[in-house]
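Q: So the chains spell out like this:
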Amino acid sequence: ETGVTQTPRHLVMGMTNKKSLKCEQHLGHNAMYWYKQSAKKPLELMFVYNFKEQTENNSVPSRFSPECPNSSHLFLHLHTLQPEDSALYLCASSLMPGQSSYGYTFGSGTRLTVV
Amino acid sequence: GQQVMQIPQYQHVQEGEDFTTYCNSSTTLSNIQWYKQRPGGHPVFLIQLVKSGEVKKQKRLTFQFGEAKKNSSLHITATQTTDVGTYFCAWFGNEKLTFGTGTRLTIIP
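Residue numbers (the numbering used here), protein chains in the order written: chain A, 553 to 667; chain B, 981 to 1089.
The set of hints was computed from the structure by calculation and includes no laboratory data.
One thing to keep in mind: the hints can contain errors.
Claimed, not checked - The list that follows gives simulated cross-link-like pairs (lysine to aspartate or glutamate, EDC-like), each with its CA atoms no further than 20 Å apart:
#1 A/604 / A/637
#2 B/1076 / A/596
#3 B/1076 / A/619
Said to hold, decoys possible - Here are the computed distance ranges between Cβ atoms for each label pair:
#4 B/1086 / A/653: 26 to 32 Å
#5 B/1035 / A/570: 49 to 55 Å
#6 B/1037 / A/663: 45 to 51 Å
#7 A/622 / B/1088: 44 to 50 Å
#8 A/619 / B/992: 40 to 46 Å
#9 A/605 / B/1024: 23 to 29 Å
#10 A/607 / B/1037: 33 to 39 Å
#11 A/603 / B/1073: 18 to 24 Å
#12 B/989 / A/663: 21 to 27 Å
Virtual Cβ for every residue (Gly too), placed ideally from N, Cα, C.
Okay, chain B solo, but in the shape it has when bound:
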């Protein structure tokens, strides 16, 4: 069956450093979404990627979808304390949105 791994599980970075989280699937994904959940909060939709090799940017955030549509990444440039939270990838399969295990980002001031 389909397996999707999100890594790393935790990431601690100094403020100003970059951060990247990855989702890797054993099978081709039709599309992938990314969500952010602040501590004590709820998941908030960030973006959806659909096309092979697609790259989208939102200010300091860069989202990529692999050429084979089997992996995706979220990269944050020059992290700030407001970036703290857990970042989830999510994908559709059998008309259900399934979430990855998430990467919890903490920022060291």
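Chain A on its own, in the form it takes in the complex:
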């Protein structure tokens, strides 16, 4: 366990489905992030939340909708996805927003397959 827990570990969904990914951390971190990792692309930052306020939306399509009810929990709501959205979705957290000399702590990820 990394201290950042993601559920589910695997998800298969149809293009018309609605699902949510969940991320939880009890490290006392104040910033949380969603990254997308595809087979042929580097890790892509999707969203940044600092003290539960969204501070970054990295040109992500509206079919991805993040939610951060408090500094320990982060959700990614998915609807009407495309097959090219299939990827590993990684949640991360850091002690403070922006630079962190302790690095980011990643969860184990959700492997998403859109059919």
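With chain A fixed as given, assemble chain B onto it according to the hints.
A: Showing chain B alone in chain A's frame:
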């Protein structure tokens, strides 16, 4: 705009040989971090370098930050099968942590 290249993309080495991956930037970096991702796993933070010319060691791993703070390297001495994985550099810009393309290391026993 800023461009950071990580090379090589893949590296296959015999167990016991050394391994090095490089990150080269077109502009000065404020700091650089290194992560390791095992096959089927998630990125794990290894280290952060901040100072010009900085060198840090973790057992068989040596991390360097160039004098001009435009390049960095990760060197593994006498690789072991446990070193298998993808090594990423990452840097902060506009308060975002951006990752390099990674170097995938495979070990031939």
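Q: So, for every hint listed, does it hold in this structure?
A: Now the hints, each set against the structure:
{"no.": "1", "hint": "A/604 / A/637", "in the structure": "violated (25 Å)"}
{"no.": "2", "hint": "B/1076 / A/596", "in the structure": "holds (11 Å)"}
{"no.": "3", "hint": "B/1076 / A/619", "in the structure": "holds (19 Å)"}
{"no.": "4", "hint": "B/1086 / A/653: 26 to 32 Å", "in the structure": "holds (31 Å)"}
{"no.": "5", "hint": "B/1035 / A/570: 49 to 55 Å", "in the structure": "holds (50 Å)"}
{"no.": "6", "hint": "B/1037 / A/663: 45 to 51 Å", "in the structure": "violated (35 Å)"}
{"no.": "7", "hint": "A/622 / B/1088: 44 to 50 Å", "in the structure": "holds (48 Å)"}
{"no.": "8", "hint": "A/619 / B/992: 40 to 46 Å", "in the structure": "holds (43 Å)"}
{"no.": "9", "hint": "A/605 / B/1024: 23 to 29 Å", "in the structure": "holds (27 Å)"}
{"no.": "10", "hint": "A/607 / B/1037: 33 to 39 Å", "in the structure": "holds (35 Å)"}
{"no.": "11", "hint": "A/603 / B/1073: 18 to 24 Å", "in the structure": "holds (21 Å)"}
{"no.": "12", "hint": "B/989 / A/663: 21 to 27 Å", "in the structure": "holds (22 Å)"}
In this structure, the hints that do not hold are numbers 1, 6, in rising order.
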